[in-house]
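Note that the working numbering has the sequence shown beginning at 210, numbered continuously upward.
By construction, these hints were calculated from the structure, which means they are not laboratory data. By construction, the Cβ of each residue, glycine as well, lies at the ideal position given by its N, Cα and C atoms. Take these hints with a grain of salt, some might be off.
[What the hints assert, rightly or not] Straight-line alpha carbon distances no greater than 25 Å define the calculated DSS-like cross-link-like pairs of lysine-lysine that follow:
hint : residue 1 : residue 2
1    : K294      : K322
2    : K380      : K392
3    : K261      : K610
4    : K279      : K392
5    : K487      : K454
6    : K392      : K603
7    : K603      : K261
8    : K279      : K603
[To be verified] DEER-style ranges, computed between Cβ atoms:
hint : residue 1 : residue 2 : range
9    : L393      : E335      : 26 to 36 Å
10   : E488      : S426      : 18 to 28 Å
11   : N599      : A570      : 21 to 31 Å
12   : G324      : R598      : 39 to 49 Å
13   : H323      : P602      : 37 to 47 Å
14   : V592      : A375      : 17 to 27 Å
15   : Q318      : H427      : 36 to 46 Å
16   : K392      : R336      : 21 to 31 Å
17   : I527      : W300      : 42 to 52 Å
18   : G549      : K487      : 22 to 32 Å
19   : V295      : I527      : 42 to 52 Å
20   : F314      : P602      : 35 to 45 Å
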Amino acid sequence: MTSASNAALHAAAEHLARVVGGEFVSSAVDGVIHVLPSNTQQVSTILEYATKNGLTVDPRGGGTKQHWGKGTAPHIRLYLSRLDKVLDHPWQDLTCTVQAGCIWFLLQQNLAKHGQFVALDPLFGERATVGGILATNDSGALRHRYGSLRDLVIGMTLVLSDGTIARTGGKVVKNVAGYDLCKLLTGSMGTLAIITEANFRLHPLPQYSRTFTVAASHSAGLASLLAAIRGSHLLVQSLQLRRNKTEARLDICLSSHTAAHQDILLEGMVRGEGLALKEANEASCFEREALFADGSTFIRASTLPTNACVFTDELQRIAPKIDVVSVSQGIGLHDISLRGSPDEITIAISRIRANQEVAAAVLQSGPDVDARSFTIPTPVMSVMQAIKRNFDPKGVLGPGKFFVNA
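Generate coordinates for the entire structure from the input sequences, incorporating the hints supplied.
Given below as structure tokens:
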């Protein structure tokens, strides 16, 4: 937290109480002011005040990924939990508009009443908010079939650091006019603007689905099957590769709007590789929350999809002294959990980042692991800093995130 006098913080708390109501403002022991606005205009007023008075602001949703990117303590922590409504759901158009503080699970429950969903399976969906998911660009194995979060969000209402309210995109799927700011803001960790509303494209809920798993001693033993599935006509909803020290597993969820007997085709492919197909529970197969248990260090890496098996086996070879668990989506995106000696974790991260065919970022570091030693490459950092200066020239938002604030 940058320095601000007690008098300045007291004055800020009094001002914010007049904006949102006294019951929605509090001051923590560490001096951070907690404020809960109820609408976009109140968010705008708070940011305008913060900019004029040299105060920093960190937006907060459900707090499920608050350690991603770390950062420094702000003067004001802005909670979006009161912006929790589904504002519009023209189900005939397969779109919806929702406030950023809405819990993801509750949004999906609402949409399911009309047989629809946002085709995304983020971490901690029962607690994570729409805004937090957008800020972290979080997605899961559904990405194999439906694309990334950036493909699903079609519009946003956002508030810039000086309080300016802006709207980008629209409420229809085919809206291609101008630069798509939705894609830039998605994954920006709340450092460029605060998202208060989002418009999503929807998909019909599949009427039929079955989940299967195939085990092997190494990922390499699943490479041929994985390639065959990718090249087949199977309607694969989710495709995921899991690897730990003892085995590798390929999880496949087949779905369609009719019982198309795809499982028979899949079983034939698996047998042809000399492997065994077992039916599995979809929720347990695609659950990734355990990767964050016990203060583990968490890395997200990307490779070419065709290199996924080689990479996940290599992870086990380069870190023999620590516990490495990877969960890889079929498109080559890998969530990696590292547990063990901080020194050995540091060595493992260095080896991962030394691979020129891998892009990796430390999203969460465990105790005594210094993630700041694994900085973003200079050319990329320069671009990020330029974008940050244009959107937030005074460094009001997300202090310390990405290590790019002025």
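Hint-by-hint comparison with the structure:
1. K294 - K322: holds (16 Å)
2. K380 - K392: holds (15 Å)
3. K261 - K610: OK: K261 and K610 at ~21 Å, within 25 Å.
4. K279 - K392: Roughly 22 Å between the alpha carbons, so the hint for K279 and K392 holds.
5. K487 - K454: holds (21 Å)
6. K392 - K603: Status holds; Cα separation ~23 Å.
7. K603 - K261: holds (10 Å)
8. K279 - K603: holds (20 Å)
9. L393 - E335: 26 to 36 Å: With a Cβ separation near 28 Å, L393 and E335 satisfy 26 to 36 Å, so the hint holds.
10. E488 - S426: 18 to 28 Å: Given range 18 to 28 Å: holds, Cβ gap about 21 Å.
11. N599 - A570: 21 to 31 Å: holds (22 Å)
12. G324 - R598: 39 to 49 Å: holds (45 Å)
13. H323 - P602: 37 to 47 Å: Holds, since H323 and P602 (Cβ atoms, about 43 Å apart) stay within the stated range.
14. V592 - A375: 17 to 27 Å: The hint (17 to 27 Å, Cβ to Cβ) holds, given that V592 and A375 are roughly 21 Å apart.
15. Q318 - H427: 36 to 46 Å: Given range 36 to 46 Å: holds, Cβ gap about 40 Å.
16. K392 - R336: 21 to 31 Å: About 26 Å separates the Cβ atoms of K392 and R336, which means 21 to 31 Å holds.
17. I527 - W300: 42 to 52 Å: holds (49 Å)
18. G549 - K487: 22 to 32 Å: holds (30 Å)
19. V295 - I527: 42 to 52 Å: holds (46 Å)
20. F314 - P602: 35 to 45 Å: holds (37 Å)
Checked against the numbered hints given earlier, this structure breaks none of them.
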